[in-house]
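Visitor: Residue-level listing of the chains:
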Amino acid sequence: AQKITQTQPGMFVQEKEAVTLDCTYDTSDQSYGLFWYKQPSSGEMIFLIYQGSYDEQNATEGRYSLNFQKARKSANLVISASQLGDSAMYFCAMRSQNYGGSQGNLIFGKGTKLSVKP
Amino acid sequence: DVKVTQSSRYLVKRTGEKVFLECVQDMDHENMFWYRQDPGLGLRLIYFSYDVKMKEKGDIPEGYSVSREKKERFSLILESASTNQTSMYLCASRGQGVVEKLFFGSGTQLSVL
Numbered sequence: 028a029q030k031i032t033q034t035q036p037g038m039f040v041q042e043k044e045a046v047t048l049d050c051t052y053d054t055s056d057q058s059y060g061l062f063w064y065k066q067p068s069s070g071e072m073i074f075l076i077y078q079g080s081y082d083e084q085n086a087t088e089g090r091y092s093l094n095f096q097k098a099r100k101s102a103n104l105v106i107s108a109s110q111l112g113d114s115a116m117y118f119c120a121m122r123s124q125n126y127g128g129s130q131g132n133l134i135f136g137k138g139t140k141l142s143v144k145p
Numbered sequence: 019d020v021k022v023t024q025s026s027r028y029l030v031k032r033t034g035e036k037v038f039l040e041c042v043q044d045m046d047h048e049n050m051f052w053y054r055q056d057p058g059l060g061l062r063l064i065y066f067s068y069d070v071k072m073k074e075k076g077d078i079p080e081g082y083s084v085s086r087e088k089k090e091r092f093s094l095i096l097e098s099a100s101t102n103q104t105s106m107y108l109c110a111s112r113g114q115g116v117v118e119k120l121f122f123g124s125g126t127q128l129s130v131l
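First to last, the sequence lines map onto chains W and V.
Residue numbering for the first sequence follows the working numbering, starting at 28 and increasing by one per position.
Residue numbering for the second sequence follows the working numbering, starting at 19 and increasing by one per position.
Hint data in this document are derived by calculation from the structure and do not stem from the laboratory.
The reader is advised that the hints may include incorrect statements.
To be verified - Computed Cβ-Cβ distance ranges for the label pairs, DEER-style:
no., chain 1, residue 1, chain 2, residue 2, range
1, W, Lys43, V, Lys31, 29 to 35 Å
2, W, Ala98, V, Asp69, 34 to 40 Å
3, W, Ala108, V, Met45, 30 to 36 Å
4, W, Ser107, V, Asp56, 41 to 47 Å
5, W, Glu42, V, Gln114, 25 to 31 Å
6, W, Gln29, V, Arg27, 29 to 35 Å
7, W, Ser142, V, Glu35, 21 to 27 Å
8, W, Asp56, V, Arg62, 16 to 22 Å
9, W, Ser69, V, Asp56, 16 to 22 Å
10, V, Lys75, W, Asp82, 43 to 49 Å
What the hints assert, rightly or not - The calculated DSS-like cross-link candidates involving lysine-lysine, where the alpha carbons are at most 30 Å apart (straight line), are:
no., chain 1, residue 1, chain 2, residue 2
11, V, Lys31, W, Lys30
12, W, Lys140, V, Lys89
13, V, Lys31, V, Lys73
14, W, Lys97, V, Lys89
15, V, Lys89, V, Lys21
16, V, Lys31, W, Lys144
17, V, Lys88, W, Lys140
18, W, Lys97, W, Lys43
19, V, Lys31, W, Lys137
20, V, Lys71, W, Lys144
21, W, Lys140, V, Lys71
22, V, Lys88, W, Lys97
23, W, Lys144, V, Lys89
24, W, Lys100, W, Lys137
25, V, Lys36, V, Lys88
26, W, Lys30, W, Lys100
27, V, Lys71, V, Lys31
28, V, Lys119, W, Lys100
29, W, Lys100, V, Lys75
All C-beta atoms, glycine included, are put in the ideal place defined by N, C-alpha and C.
Construct all of the structure, not just a fragment, from the sequences and the given hints.
Guide: Written out as structure tokens, the structure is:
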């Protein structure tokens with residue numbers, strides 16, 4: 028069965044510092060996709076970054092980068108130069124690209140609450 | 019700009035009531051999803067639909083049903099609401115591409131008293 032594990036329920040980081048949010052996954056699929064979403068207190072889920080299992084380069088989107096280590100089955104999110112507005116819940120998610128009956132459903136981890144201190 | 023709209027941000031219902039949660043997307047997406055979010059449990063899939071009138075059960079379908087009569091609208095129905103269905107409900111939609119991301123609505127916080 029597929030599973031996403033986020034071991035850090037909560038984290039603190041000083042403004043302007045970098046922070047790494049951990050994510051490990053379990054799948055027997057050869058082809059899959061990994062996503063990170065941000066959920067501020069307003070409740071809306073905001074897409075941050077995507078990594079495909081066959082992508083050779085780590086994904087980057089502005090201040091967000093994904094540290095993808097396929098052999099370790101980890102997909103950690105790195106936020107550089109933290110800002111106060113980065114305070115939010117962060118969810119790691121995975122989709123199997125072997126569609127079958129699941130039609131590409133996303134499986135989510137339990138999330139990490141990040142608090143940025145001024 | 020892409021949009022997934024959930025009809026209510028907050029909803030309070032009584033035990034035993036029939037509850038309808040509505041979701042509309044304007045992106046012509048084939049796939050639509052209903053998730054439930056609880057503290058410490060993350061998001062769990064209730065039902066999803068990959069086409070009009072088509073639906074499949076997710077991980078926690080018990081106590082819920084869904085309806086998709088039109089492509090843009092996906093409704094979640096609580097046939098007889100119970101207190102353990104108090105939760106945040108998130109609707110999402112996605113296109114058909116392999117790397118297509120989910121677009122989410124802003125959520126409905128449902129309280130069942």
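Visitor: Holds or violated: the 41 to 47 Å window for the beta-carbon distance between Ser107/W and Asp56/V?
Guide: 31 Å Cβ-Cβ, so the 41 to 47 Å window is violated.
Visitor: Do the alpha carbons of Lys97/W and Lys89/V lie within 30 Å of each other, as the hint requires?
Guide: Distance of about 37 Å is beyond 30 Å: violated.
Visitor: May I ask you to test the hint 43 to 49 Å on the CB atoms belonging to Lys75/V and Asp82/W?
Guide: 32 Å, violated
Visitor: Hey, Lys30/W versus Lys100/W, does the alpha-carbon distance stay inside 30 Å?
Guide: Roughly 11 Å between the alpha carbons, so the hint for Lys30/W and Lys100/W holds.
Visitor: Check the following: the C-beta atoms of Gln29/W and Arg27/V are separated by a distance inside 29 to 35 Å.
Guide: 31 Å, holds
Visitor: Regarding the pair Lys88/V and Lys140/W, is the alpha-carbon distance no greater than 30 Å?
Guide: 37 Å, violated
Visitor: A range of 29 to 35 Å was offered for this pair. Does it hold for the Cβ distance of Lys43/W and Lys31/V?
Guide: Cβ of Lys43/W to Cβ of Lys31/V: about 45 Å, so the range 29 to 35 Å is violated.
Visitor: Between Lys140/W and Lys71/V, is the straight-line Cα distance small enough, at 30 Å or below?
Guide: The hint is violated at about 37 Å.
Visitor: Using the C-beta atoms of Ser69/W and Asp56/V, is the stated range 16 to 22 Å upheld?
Guide: The hinted range 16 to 22 Å holds for Ser69/W and Asp56/V, with Cβ atoms some 18 Å apart.
Visitor: Holds or violated: Lys31/V with Lys137/W, Cα cutoff 30 Å?
Guide: 27 Å, holds
Visitor: Is 21 to 27 Å right for how far apart the beta carbons of Ser142/W and Glu35/V are?
Guide: Given about 37 Å between the Cβ atoms, the range is violated.
Visitor: Given the hinted pair Lys31/V and Lys73/V, is their Cα-Cα distance within 30 Å?
Guide: Holds: Lys31/V and Lys73/V sit about 26 Å apart, inside 30 Å.
The earlier numbered hints that this structure contradicts are 1, 4, 5, 7, 10, 11, 12, 14, 16, 17, 20, 21, 22 and 23.
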